[in-house]
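All chains, full assembly: derive it from the sequences and hints.
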Amino acid sequence: MPSTGPAAVGDTGTEYEVLVERGKIREFAEAMQSELPAYEGPQALTPPTFLTTSQRWAPPSGRIQTGFERARLLHGEQEFVFHGSPPRAGDRLLARERLVDRYAKAGKRGGEMRFAVVVTEYRSPEGELVAEARATYIETAAKEGRK
Amino acid sequence: MTDTALAHTVGTAAKPREFGPMTTRMFARYSGASGDLNPMHYDDVQARAAGNPSVFSQGMHQAALLSTFATDWLGAETVRRFQVRFREQVWPGDVLTCSGEITAVEPAEDGAEFVTVALTCTRQTGGVAVSGSADFLLPTEPTR
Chain A
1 MPSTGPAAVG DTGTEYEVLV ERGKIREFAE AMQSELPAYE GPQALTPPTF LTTSQRWAPP
61 SGRIQTGFER ARLLHGEQEF VFHGSPPRAG DRLLARERLV DRYAKAGKRG GEMRFAVVVT
121 EYRSPEGELV AEARATYIET AAKEGRK
Chain B
148 MTDTALAHTV GTAAKPREFG PMTTRMFARY SGASGDLNPM HYDDVQARAA GNPSVFSQGM
208 HQAALLSTFA TDWLGAETVR RFQVRFREQV WPGDVLTCSG EITAVEPAED GAEFVTVALT
268 CTRQTGGVAV SGSADFLLPT EPTR
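Chains as they are written, first to last, in this note's numbering: chain A, 1 to 147; chain B, 148 to 291.
You may find that some hints are simply not true.
[To be verified] Below, simulated EDC-like cross-link-like pairs (lysine to aspartate or glutamate); rule was C-alpha separation at most 20 Å, straight line:
(1) B:LYS162 to B:ASP257
(2) A:LYS143 to A:GLU112
(3) A:LYS108 to A:GLU69
(4) A:LYS24 to A:GLU112
(5) A:LYS24 to A:GLU40
(6) A:LYS108 to B:GLU235
(7) A:LYS24 to B:GLU248
(8) B:LYS162 to A:GLU35
(9) B:LYS162 to B:GLU256
(10) A:LYS24 to A:ASP11
(11) A:LYS105 to A:GLU69
(12) A:LYS24 to B:GLU224
Honestly, the hints are just simulated from the structure, not real lab data.
Keep in mind the model is a prediction, meaning the values are calculated, not measured.
This is the structure:
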């Protein structure tokens with residue numbers, strides 16, 4: 001559901017297609033300084049954090065907007081869960097992002113730190129849940145007067 | 148409670164692996180590979196203008212290096228979960244050490260074992276850049 005404001009808990013983006021490509025896996029494996037043969041060849045496996053690359057080609061309507069101020073935005077945690085072996089080159093996946101949680105904590109120097117948790121589900125064309133990516137984003141407390 | 152001997156043992160550590168010294172070229176390569184084109188990681192002028200001493204690495208870059216270490220150790224096809232928490236920034240010239248230790252082992256179907264590891268990516272200062280954990284579903288030898 002494309003909307004103008006920040007997403008609320010439970011909101012989802014539109015589903016988008018993720019084509020797992022051999023060359024992209026090879027490029028990613030090189031950037032992670034891996035020489036593991038499993039990341040090479042026509043049946044190349046995706047490395048554990050590879051699905052982060054799917055965001056690059058997600059349509060704007062597929063991305064969840066946390067509404068956090070960019071200058072104060074941090075990526076706090078990231079998790080990938082695989083329901084079986086990780087995807088391989090040639091796989092076609094369908095991704096959908098969902099805002100699953102929002103919460104706040106007191107900042108160390110006053111103010112409020114805000115958190116948003118976004119889960120991306122990756123399914124096979126048959127609808128089977130293949131993998132999930134869980135990102136925790138943080139908006140640090142606004143600086144007040146003097147630091 | 149241990150009825151049967153498990154093939155993997157809690158407390159087993161892998162030989163640590165060093166990465167680096169880290170370079171802006173490595174950050175740029177990860178930017179391209181991942182699609183995270185934030186200029187803070189390869190454009191020194193913009194990074195300084197934003198108040199940083201220089202460009203710095205992507206947290207997900209360190210996560211990827213940690214995953215290299217983890218899958219060299221326990222395999223790429225066997226990974227079932229990989230989690231990281233971003234702690235300290237990483238700068239050009241940093242030398243990173245990835246280490247890991249088995250923290251839990253549970254029997255799984257067909258004689259396999261579900262193995263959980265703690266993972267750490269440490270800077271040369273001793274500061275932790277990224278900490279995390281991962282699960283692997285590992286086959287075991289039929290007999291020992």
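### Message
Need the list of violated hint numbers for this structure, in ascending order.
### Response
Violated hints: 1, 4, 7, 9 and 10; rest satisfied.
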